[in-house]
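*Asks:* Following the hints, complete the assembly by docking chain S onto the known chain R.
For reference, the chains in residue letters:
There are 2 protein chains.
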Amino acid sequence: MKIVCYECGKEQKDGNFVYRCSCGGLLEVIHDFTGLDAEKLKRLFAQRLSERMSVYASGVWSYKELIHPELAESDIVTKYEGNTGLYRSEQIRSALGIRELWLKAQSENPSGSFKDNGMTVAISHGRALGFERFTCTSTGNTSSSLAMYAALAEKEAIALVPRKQISLNKVLQTLAYGAKVIGFDGTYDDGIRFYERYGRELGVYICNSINPFRIEGQKSIVYEMAQSLNWELPDWIVIPGGALSNVTALGKGLQDMLELGFIRRMPKVAVVQAEGASPFHMMMSQGKRNLEPVERPSTIASAMNIGNPPSWSKARDFLSRTGGETCSVTDEEIMEAKALVDRSGIGCEPASAATVAGVWKLIAEKKIGAEESVACILTGNLLKDTDVLREYLLKDGRAQMLAADLTVESLERLIRGS
Amino acid sequence: MKIVCYECGKEQKDGNFVYRCSCGGLLEVIHDFTGLDAEKLKRLFAQRLSERMSVYASGVWSYKELIHPELAESDIVTKYEGNTGLYRSEQIRSALGIRELWLKAQSENPSGSFKDNGMTVAISHGRALGFERFTCTSTGNTSSSLAMYAALAEKEAIALVPRKQISLNKVLQTLAYGAKVIGFDGTYDDGIRFYERYGRELGVYICNSINPFRIEGQKSIVYEMAQSLNWELPDWIVIPGGALSNVTALGKGLQDMLELGFIRRMPKVAVVQAEGASPFHMMMSQGKRNLEPVERPSTIASAMNIGNPPSWSKARDFLSRTGGETCSVTDEEIMEAKALVDRSGIGCEPASAATVAGVWKLIAEKKIGAEESVACILTGNLLKDTDVLREYLLKDGRAQMLAADLTVESLERLIRGS
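As you go down the protein sequences, you meet chains R and S in turn.
125 is the number of the first residue of the first sequence in my numbering; add one for each residue after it.
125 is the number of the first residue of the second sequence in my numbering; add one for each residue after it.
It should be emphasised that the hints constitute simulated quantities derived from the structure, not laboratory data.
Misleading hints may appear alongside valid ones.
Identical copies go unnamed one by one, so any copy, or any two together, can satisfy a pair.
[Stated by the list, open to error] Calculated lysine to aspartate or glutamate pairs in the EDC-like style (CA-CA distance at most 20 Å, straight line): (1) LYS279 x GLU214; (2) LYS392 x GLU496; (3) LYS126 x GLU189; (4) LYS279 x GLU536; (5) LYS288 x ASP529; (6) LYS392 x ASP441; (7) LYS137 x GLU356; (8) LYS288 x GLU496.
Just chain R, same shape as in the assembly:
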């Protein structure tokens, strides 16, 4: 296993942990898969499905050989993350008019978001290196995941959180797990820039997705999906695009599986951004090579409210190489799709629903065919952002709490009324 610069290829020392190469490039973990046998590994992974009380009961560490083979089991900090539901919903499928639809609910992770898949690896790696203080900049999901794992490891967690356009629930969750939460005037992007420059000086272990071990852990989402589908993935996998670590990890995980012979063909990947925070979609749709950050990103989907996504070049390369697509959707479209996902009984936070809104759009644009099969990755739990429900459902009058006396007449009227 090596840590190399994604841009210039220079190898970095693991003990001397940095997050950017001296050339400015992001780092990447490169595994040596020589000698690994796909059929043997598949059998091993199948056996581990019945684990419940060891580290291999985790939906991340069950694929340890492909994620961090060298880490000692005793360094692993796990909450049996992953193992999330892969659902079909006839309601959503038929509303979208697509042949086959899957929803992979990373929202069911222990802290309620897909961040847990990567965070368990970052915290475990940082602990093995001897760090005591773990930190991140976050719109909320990363910080609550960080705080949860740091608490499990009995380490200190510090979350840098923009003061605006974040979900209060996520901040409360972060505080409850015992993290120090530091608000600042600025955006997620400002926080990331700051840590990239000064994180080392501060002596903290940074758990944002610029940390390549986060990416290694997040690969497990698509491993798990593939394993559940007997190693035959749908035509498309659709994910929301915020910091773009998701598409980076998805791409890397797919690449691993193709290389090792777990899967025979590469599915296409679509990245959906919110219109008010869509620098990646703008770059890709205009055929540009470089990302122009959005200065003041703004969307109701707080988890995607990122104007300068760190992992854009990795994401660009992967989509270009594999025929992927991007699109952007409005806040209104996101909330409509969210209502559909919630009412299907699956439920998610706004950013996750962007995937369903995106499928709608990509079908209309004839980029996804109605005869194809699609899997959307739901990244965050419905309970993560109830402020948005309060605004959207209650204040906008889309739903309401009815009132009745406890009499048969009064209830009958409300029950039979539409």
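*Replies:* Just chain S now, kept in the frame of chain R:
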């Protein structure tokens, strides 16, 4: 499988679904376990641990033979509930000063509470009977679970919710899943009384714990715990006491396992109530046979804010037979225990933390010995009640969002400061 009155033993017809016997007693499902072989079943249950995409991937339906053997698989409405983490926490164990401590996190269920274990069975049973409208009275957790499963089954959900002392998040979750939410002036107990009398007239399928199929599903919590611990349970299992369906189900599940030879000895069970809503503890500690309802129950732990628990006689009998204990804890003790559970990285809602507060008290009262082993059942997710976090953490100044400029100096001060 028979449905009989718990009080007078009269058998009821399943198709003609009622919730109370004509004598006023609660109903109970009685299985005929003749011919079941414990060792064979253990092997079957072990095999099913590796299921991911069938109904047997559920942590409830994986024990179908002991829960509802007759139900057709095609009637099952599941979201792979159960399969929750069974954790150790050295922080909590040492704070309590007990030899061994386990925490069973039903908070990790798909709707975020232990209600899912029973609800999947109730909704599946009601669907098999042909019902279109499903309802409950709820302080919030039952209603969101009901709404989620009804949405999955494409059926209508109606939640009767007291207007006071409930968690807004849970109401929003219920609304988001598409349920009709009807507020009324009164308590949970008023709602239950109403449905017991008029539910049938209204033609709705009632999913409260007076429904014996809820209890059957909830038995799976202790099956799963036992299976994870290789069929050797701790000395004590501690649960919060609200409607008391939890202790009823726990008792029934333990009884099943002892009868079938899955376990060799019966662990003791302790029920913890909140001081402001502790009619069951009062009855038990005063050695009375009958429950005196608390007229105006009041506790910060909204999930336990119940003054007239329906399942009290089943709970009484089980505890009396097996040497169980009860105790009550103050809201302050609950919130202290919650801080401990949250800061351990596991996290829960207030009612769940009452179990940890209860262990503390029962050790002090020498009812639980420090050399014994204990498992606490955490019933609800940390995100279920963020209002209480807002009040307790932010307004009370126990935690705060710090503020800093993005400079090394400013952050260093906050990071190194205690």
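*Asks:* Taking the hints in turn, state whether each one holds.
*Replies:* Hints, verified against the model:
1. Taking the shortest Cα distances, LYS279 and GLU214 sit within 20 Å of each other only across copies (13 Å), while inside one copy they are farther apart (44 Å).
2. In this homomeric assembly, LYS392 and GLU496 come within 20 Å of each other (Cα to Cα) only inside a single copy, at 11 Å, whereas the closest approach across copies is 55 Å.
3. For the homomeric pair LYS126 and GLU189, the shortest alpha-carbon distance inside one copy (14 Å) is at most 20 Å, but the shortest distance between copies (50 Å) is not.
4. In the homo-oligomer, the alpha carbons of LYS279 and GLU536 lie at most 20 Å apart only across protomers (17 Å), although the nearest pairing inside one protomer, at 55 Å, exceeds that limit.
5. When the C-alpha separation of LYS288 and ASP529 is checked against a cutoff of 20 Å, the pair qualifies only between copies, where the shortest distance is 15 Å, while the shortest distance within a copy is 41 Å.
6. Proximity of LYS392 and ASP441 under a CA criterion of 20 Å is satisfied intra-copy only: 13 Å inside one chain copy versus 60 Å between copies.
7. Proximity of LYS137 to GLU356 under the C-alpha cut-off of 20 Å is found in neither arrangement, the shortest distances being 37 Å within a copy and 47 Å between copies.
8. Neither within a single protomer nor between protomers do LYS288 and GLU496 lie at most 20 Å apart by alpha-carbon distance, with minima of 40 Å and 49 Å respectively.
Of the numbered hints given earlier, the model fails hints 7, 8; all others are met.
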